[in-house]
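A.B. asks: Protein sequences, first through last, are from chains V and W.
In terms of our numbering, the first sequence opens at residue 1 and continues consecutively.
In terms of our numbering, the second sequence opens at residue 1 and continues consecutively.
Calculated from the structure, these hints are not laboratory results.
A couple of the hints might just be wrong.
[Said to hold, decoys possible] To be clear about the criterion: a stretch of chain V counts as covered by chain W if any three or more of its residues have a C-beta under 8 Å from a C-beta of chain W, and this derived list gives those stretches:
no.	segment
1	117-123
2	139-147
3	151-164
In this text, all values refer to a predicted model and were calculated from it rather than measured experimentally.
Glycine residues also receive a C-beta, built at the ideal position from the N, C-alpha and C atoms.
Okay, here's what each chain looks like letter by letter:
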Amino acid sequence: MRLGEFVTAAVLAAFSMYLMWKSTELEIGYIRGEGPGGGAWPFWLSAIMLICTALIAFNAGRRTSPPSRSTEPVLDAEGRKMLVQVFGGIVVFVALVSVISMYGAMMVFLFYYLWFLGRHGFYLSLSISILTPVVFFFFFEALMRVTLPKGMRFTEPFFKMLNTIIY
Amino acid sequence: MEILGHLLDGLAQASQPINLLLIVVGVTLGLFIGMMPGLGSVNGVAILLPITFLVPPASAIIFLAAIYYGAMYGGAISSITLGIPGASTAVATTFDGRPLALKGRASLALVTAAIASFAGGTVSIVLFTMFAPPLASVALSFGPPEIFALMLLAFATFVGLGGDDIPKTVLSICLGLVLAAVGFDEISGEPRLVFFDISGFLHGINFLVLAIGIYGIGEMLWTIDTTRGKVTTTEAKMTIKGVLADTRECLTNGWKGMTIGSLLGFFVGILPAAGATPGSLMAYGVAKLTSRDPNSFGKGNVDGVSAPESANNSASTGSMLPMLTLGIPGSPTTAILLGGMVIWGLTPGPRLFGDEPEFVWGLIGSFYLSNFFALIINLSFIPLFIWMLRMPFAILAAMIFVLSIVGGYAATTDMHDVWLMLLFGLGGFFLRKFEYPVAPAVLAIVLGPIAEPTLRQSLLLSSGDLSIFVTRPIAGPITIIAIVLILLPLFKLIRSRYRG
C-alpha cells in the first residue's frame, strides 16, 4: 500500500502539472477592467493540488497516513480478477451501446452479471435481463420522453415495433 | 389577520377536488422521477409543462409545484437505498444515508428523510407566508462577495471538521473545482481545459457524471472488492412498530439537523442563483460544524440525513420566493415555472400578490397540502424501497451498474460522459483504497460554477483587492469563520505538539 500511496501521489502531481500547463492557454493574471483571466482559477487550484500531493508523499514517507503503514497489497490476485470481471463487464456494456443499443447492451450485461458472476438460475437471469430493458424503455421513451441510444441500423425494425405501442 | 384570511382562501382553493387530484398525482410522479438517477424535478416539470395548458393557471402551477415537491423527496431514496444520488439536491444525503442503510438502518434513514423533508417544507412555507416581500429584498442585498464567502464556508467545514487527512481533503476540493471549470470560460467565452482537444469536454463535466461515477460505480467496486462479493444484504425490516421507533429516534437525534436545514435551506433557497443543491450541502456542513461529534458524520449520523433533506425541501419553497416576488428564478426548476407563468399570461413581480391574489394564495395553500401528501405518500412507499435493499446482492449490484450507466447518459445524453463516468468510477475506487475523501470533490463540482464567477466578479468590483471579502458587513464575518475553520487543523496540530 505504501508504494501505491507514492504512485497515486505521483500520478496526481503529474495531473496537477498538466492542469497548470493547460490553464495557461488562457490568461492566468489579472486583466485591468476584466478581473482575473479565465485561466487563473484552475491554475491556482491546480497549484494547490500540486502542493497537496507533495505533502501526501511526505506523510507517506514518514508513515503517518494509514495506507502508508499498511502492509497489504493494493489488489491481490482475487481483487484483480474481480476488477477485470466486473469493471471489464461494465466497459463491454458501454462499448456495446453504440452497436446493439442501450437496451440490448443492458440485456447482455444483466445476463452476464446475474448468470455468470452472480450464479443465479438461468431462467431467473434471463427473465430479469429481458424485463428490465423493457421497463426502462417504456419509462424513458414513453413517459419521460428521454431517448436512449438505439445502436446500429439493424435494430431499427425492433424499435419501430415498440414505438407503435407508444404512439 | 389579512394574511390568515388569504391563506384560508388559498387552502380552500387548493382543496378543490381537481387540485387535490393534481397534488396527489404530481407528488407521486415527482417521487419516482426524483428517484431515478439522471432525472430530477427539472426534467419532470419541463416534460409535463405542456400538459398544464389543459387546466387553469392556478391548477397548473399547483400540479408543477407538487412534482417539484415529490422530486425533492424522491432524490433521497436512491441516495439511501442504492448509494447513487437521484438528483443533485440529494448528493449530501448520500454521505450519511448510505452508511445508515449499510448498517441495516435503511428504514431509519428513509423515515428521517421523509420527516425532515416535511419539517423543512413546513418551516419554509410558514416563513414564505409571513415574510415573502421583505425577505426578497434581503436576498437581493447578497452580492458576489457574500455568495463567494458562503461557498468558502461550505468548503472550510470539510477541511476544518472533516476528520480526514487534510492534504487529501484539500486536494479533493480543488480537483472538484477544477473539473467544474472544464468547458467554456463563462466570462471570456473561450474554451477552457478541453483535454486532448476532445469535443465532449466543451460542454463541461456535469456533476452527476462525477457523483454517479464515484458513488455508483466506484463505491460498488470497492464494496465488491472488500467483501469479495459475499455481501449480506442489509437486514432492513419494515414494521409499524419499527417506523414509530425510527420516528422517535429521528426526532431525538435529528432535530438539530432539521432546524439548521429548514432555516438555512430557506435562506439559501431565496438567494438568486443558489437553490436547493447548495442549500443542502451547506446545511450538511453547518450541521457537522455545530455537532458535538463531527467525526460520526459520513458514517451514518442521523443529523447528516435530516439536515440536507430538510434543507433541500426548504430551499425549494424558498426559491419560489424571488420567482414570485421579483421574477428572478432561484433554481433551474423555478426558471421553467417562471416560463410557464409567462405563457399562462401572468406577470411575476412585486405586483403579482396584489393583482393575482387567487393565484398566489392558491399556490401557497397547495404548498401546505403538497407537503402533507408528500409525507404520507413517501412513508407508504417505504416498504417498497426497503424491499429493493433485500434483493440478493448480485441483482442489486447489477441494477446499480445499469442505473449508473443510464443515469449518466440521461444527464447529458452524450456517450462521452458515460465513458468519463467509468473513468471517475475507477479513479474513485483507487482513491477510496488510499483513503482520499471523495465527498468534498462532489461538493466542489456542484458549487464550483457558483464559486468561480462570484470570486471573479468580486475581484473585478475591488480591482483585484482580496480585502473585499473581509471588509463588507455580511461577507466579512462569514469569511473570517471560514478562515478560522480552515486553520483549525493547524491550531489542533500546534496544540497537540505543545502538549506532547
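A.B. asks: Confirm or reject each hint.
C.D. replies: Now for the hints, and whether the structure bears them out:
{"no.": "1", "hint": "117-123", "in the structure": "holds (count 4)"}
{"no.": "2", "hint": "139-147", "in the structure": "holds (count 6)"}
{"no.": "3", "hint": "151-164", "in the structure": "violated (count 0)"}
Checked against the numbered hints given earlier, the structure breaks only hint 3 and satisfies all the rest.
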